[in-house]
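2 protein chains.
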Amino acid sequence: MSQPRTLGDEPVAPAVTVVEVGPRDGFQGERRFIPTARKIELIEALIDTGLPVVEVTAFVSPKAVPQLADAAEVVAGIRNRDRAELLALVPNLEGAERAIAAGVDSIGLVVSASESHNAKNLNRTVDRSLAGFADVVAAARAAGVDVKGGIATSFGCPFEGDVPAARVVHIARRYAELGVTRIGLADTTGMAQPRHVRAVVRAVRAALPAAELGLHLHDTRGIGLANAVIGLEEGVRRLDASVAGLGGCPFAPGATGNVCTEDLIFLLDGLDLATGVDLDRLIGVARRVEELVGRALPGQVMKAGTRAARHPLEAVPTAAG
Amino acid sequence: MSQPRTLGDEPVAPAVTVVEVGPRDGFQGERRFIPTARKIELIEALIDTGLPVVEVTAFVSPKAVPQLADAAEVVAGIRNRDRAELLALVPNLEGAERAIAAGVDSIGLVVSASESHNAKNLNRTVDRSLAGFADVVAAARAAGVDVKGGIATSFGCPFEGDVPAARVVHIARRYAELGVTRIGLADTTGMAQPRHVRAVVRAVRAALPAAELGLHLHDTRGIGLANAVIGLEEGVRRLDASVAGLGGCPFAPGATGNVCTEDLIFLLDGLDLATGVDLDRLIGVARRVEELVGRALPGQVMKAGTRAARHPLEAVPTAAG
Numbered sequence: 272m273s274q275p276r277t278l279g280d281e282p283v284a285p286a287v288t289v290v291e292v293g294p295r296d297g298f299q300g301e302r303r304f305i306p307t308a309r310k311i312e313l314i315e316a317l318i319d320t321g322l323p324v325v326e327v328t329a330f331v332s333p334k335a336v337p338q339l340a341d342a343a344e345v346v347a348g349i350r351n352r353d354r355a356e357l358l359a360l361v362p363n364l365e366g367a368e369r370a371i372a373a374g375v376d377s378i379g380l381v382v383s384a385s386e387s388h389n390a391k392n393l394n395r396t397v398d399r400s401l402a403g404f405a406d407v408v409a410a411a412r413a414a415g416v417d418v419k420g421g422i423a424t425s426f427g428c429p430f431e432g433d434v435p436a437a438r439v440v441h442i443a444r445r446y447a448e449l450g451v452t453r454i455g456l457a458d459t460t461g462m463a464q465p466r467h468v469r470a471v472v473r474a475v476r477a478a479l480p481a482a483e484l485g486l487h488l489h490d491t492r493g494i495g496l497a498n499a500v501i502g503l504e505e506g507v508r509r510l511d512a513s514v515a516g517l518g519g520c521p522f523a524p525g526a527t528g529n530v531c532t533e534d535l536i537f538l539l540d541g542l543d544l545a546t547g548v549d550l551d552r553l554i555g556v557a558r559r560v561e562e563l564v565g566r567a568l569p570g571q572v573m574k575a576g577t578r579a580a581r582h583p584l585e586a587v588p589t590a591a592g
Numbered sequence: 272m273s274q275p276r277t278l279g280d281e282p283v284a285p286a287v288t289v290v291e292v293g294p295r296d297g298f299q300g301e302r303r304f305i306p307t308a309r310k311i312e313l314i315e316a317l318i319d320t321g322l323p324v325v326e327v328t329a330f331v332s333p334k335a336v337p338q339l340a341d342a343a344e345v346v347a348g349i350r351n352r353d354r355a356e357l358l359a360l361v362p363n364l365e366g367a368e369r370a371i372a373a374g375v376d377s378i379g380l381v382v383s384a385s386e387s388h389n390a391k392n393l394n395r396t397v398d399r400s401l402a403g404f405a406d407v408v409a410a411a412r413a414a415g416v417d418v419k420g421g422i423a424t425s426f427g428c429p430f431e432g433d434v435p436a437a438r439v440v441h442i443a444r445r446y447a448e449l450g451v452t453r454i455g456l457a458d459t460t461g462m463a464q465p466r467h468v469r470a471v472v473r474a475v476r477a478a479l480p481a482a483e484l485g486l487h488l489h490d491t492r493g494i495g496l497a498n499a500v501i502g503l504e505e506g507v508r509r510l511d512a513s514v515a516g517l518g519g520c521p522f523a524p525g526a527t528g529n530v531c532t533e534d535l536i537f538l539l540d541g542l543d544l545a546t547g548v549d550l551d552r553l554i555g556v557a558r559r560v561e562e563l564v565g566r567a568l569p570g571q572v573m574k575a576g577t578r579a580a581r582h583p584l585e586a587v588p589t590a591a592g
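Read top to bottom, the protein sequences are chains A and B. Just so we're aligned: 570 in my numbering is position 299 of the first sequence, and the numbers increase by one with no gaps anywhere. Just so we're aligned: 480 in my numbering is position 209 of the second sequence, and the numbers increase by one with no gaps anywhere.
Treat the hints as calculated values from the structure; they're not laboratory data. One or more of the hints may lead you astray.
Put simply, identical chains are the same to the list, so a pair is met inside one copy or across any two.
[Claimed, not checked] Here are the simulated lysine to any residue pairs, SDA-like style, with alpha carbons at most 20 Å apart:
hint, residue 1, residue 2
1, Lys391, His582
2, Lys391, Ala580
3, Lys391, Glu431
4, Lys391, Gly403
5, Lys334, Asn394
6, Lys334, Arg476
7, Lys334, Pro521
8, Lys391, Arg581
9, Lys391, Pro583
10, Lys391, Leu449
Chain A on its own, in the form it takes in the complex (with noise of 0.2 Å):
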């Protein structure tokens, strides 16, 4: 949000910050154990890329994600580690503790603006929640270790319906009060309409103009990207994706999760907003990644190639339009 824009034709630094979440929201939802190996070798082909941030996996309770159950020898196997900001999402002081000894740049807390959502997900109260961060935050400051204010379901909850801007700014400035000041505002489930995305962002950004907001937008309802214009126009300047669109929605089967990293590299392209990440690198990475996981993913650039793609006259469409 705070980085420069392209200045001429020469990009001076990128002008969105694209953070890649594959590795854990599009994992987590993968039954058959994915390799520790193979994890790190896409985690280093996406750092590869010019990715600036990955998050790499989740210090939660291996019984609850048995798939992520390799978290700490994922981030020690990172051998080109220092050309991004590794991230990973913890969900109390003990997962905090494991990432910060793990060797992670940076840990993502997490909240849901709507109590059922937060009793669900973390089996506890949003005011629970809350106050439990203080000491996340303190041992993550301590170890230099920087840290993110998640807010899950800021655009509506699966069980409630509509979620007030008020309840998400409630929860943005206890963050705030803790010092943490990088907040995500996550669609979990899809649900945000650019209505949503307009209110919420303008809310947040009017009670606290300092705050560093990035959005985690999902594609369930087709409109991922839209929202993500959306929000750029609103100043956004942080968006989470995750590559291939790897990821689902675990409340409508067939559904798309996460926004795809290369289709929304491809539409800041056509905005003009720099990212510094090769689109051409990342597709091969994002074909590897169907193969990994054994079948087709929703991303459409790693299907049609990028515009630069050239067709020999040979291939006959079928008519016009």
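Position chain B against the provided structure of chain A, taking the given hints into account.
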């Protein structure tokens, strides 16, 4: 474009005209012949959702597109036809005469902004295409049938790459000289990025301020609806879309074709732009289209339901995010 915006809570008239193109642009790519009665049922169901314009078929060579060989029977069979504008694509005078005889309300012409795409798609030069349109327009005028002018590859050509905006303006002017001022800019193979949408819409509007511009966007690279936001910001108020996201891209196996109608309606609703379409009803139709073609289609809202969909607390998400 010239229609009034929603005033207060009461939609006075649709702010955006959504043109349903599935029965033409979607079906033309289906290999298995869809029985005429099924096509008619679908079109009637689409009209019943409140869609104001339906592109019902194309009057093209049955040899080139066997799927649409029943064009006249389809048009003749639609019983609720008074409630929507029935549009048909025609490539030439012969097609126009068949369409007019069948009783359509409007015909759509198409020519490509790129020579190589026009040669491949229509087997003639752009100039020969345009020259042939005078007789078509005269025949339509005489019959009281409206004419729309489509410009394929307006934002890029799969053979040539970039297409100069001046080239699109040139063709739009030629249409205007024939009295055709409802002009559709088509992203035929999904090459448009926001910068192209902005540049081409602005260039055509500057040249022809009175023209009513529409956009025919494809989601081949995942940013079709993000491009729609840009088009709407540029004042476009007519958008093509295909129910369930029916349709594909001949150049990219597995890639998406037209933007999906339900997802577009969900987006427009979120932008407070009224369409007059009953989204719940349209979702029902989209699900039947999947059954009709016998495979999963890319539409997302039809999988996840609208924002109003509530889930029981028992449906447990896997983890935070």
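Structure-based check of each hint:
When the C-alpha separation of Lys391 and His582 is checked against a cutoff of 20 Å, the pair qualifies only between copies, where the shortest distance is 12 Å, while the shortest distance within a copy is 49 Å. For the homomeric pair Lys391 and Ala580, the shortest alpha-carbon distance between copies (18 Å) is at most 20 Å, but the shortest distance inside one copy (45 Å) is not. Proximity of Lys391 and Glu431 under a CA criterion of 20 Å is satisfied intra-copy only: 12 Å inside one chain copy versus 53 Å between copies. In this homomeric assembly, Lys391 and Gly403 come within 20 Å of each other (Cα to Cα) only inside a single copy, at 17 Å, whereas the closest approach across copies is 65 Å.
In this homomeric assembly, Lys334 and Asn394 come within 20 Å of each other (Cα to Cα) only inside a single copy, at 14 Å, whereas the closest approach across copies is 63 Å. Proximity of Lys334 and Arg476 under a CA criterion of 20 Å is satisfied in neither setting, with 38 Å inside one chain copy and 60 Å between copies. In this homomeric assembly, Lys334 and Pro521 come within 20 Å of each other (Cα to Cα) only inside a single copy, at 18 Å, whereas the closest approach across copies is 46 Å. For the homomeric pair Lys391 and Arg581, the shortest alpha-carbon distance between copies (14 Å) is at most 20 Å, but the shortest distance inside one copy (49 Å) is not.
Taking identical chains as interchangeable, the C-alpha atoms of Lys391 and Pro583 lie at most 20 Å apart only when they sit on different chains, with a minimum of 11 Å there against 53 Å within one chain. Proximity of Lys391 to Leu449 under the C-alpha cut-off of 20 Å is found in neither arrangement, the shortest distances being 24 Å within a copy and 63 Å between copies.
Figure legend: structure checked against the earlier numbered hints; hints not met, in rising order: 6, 10.
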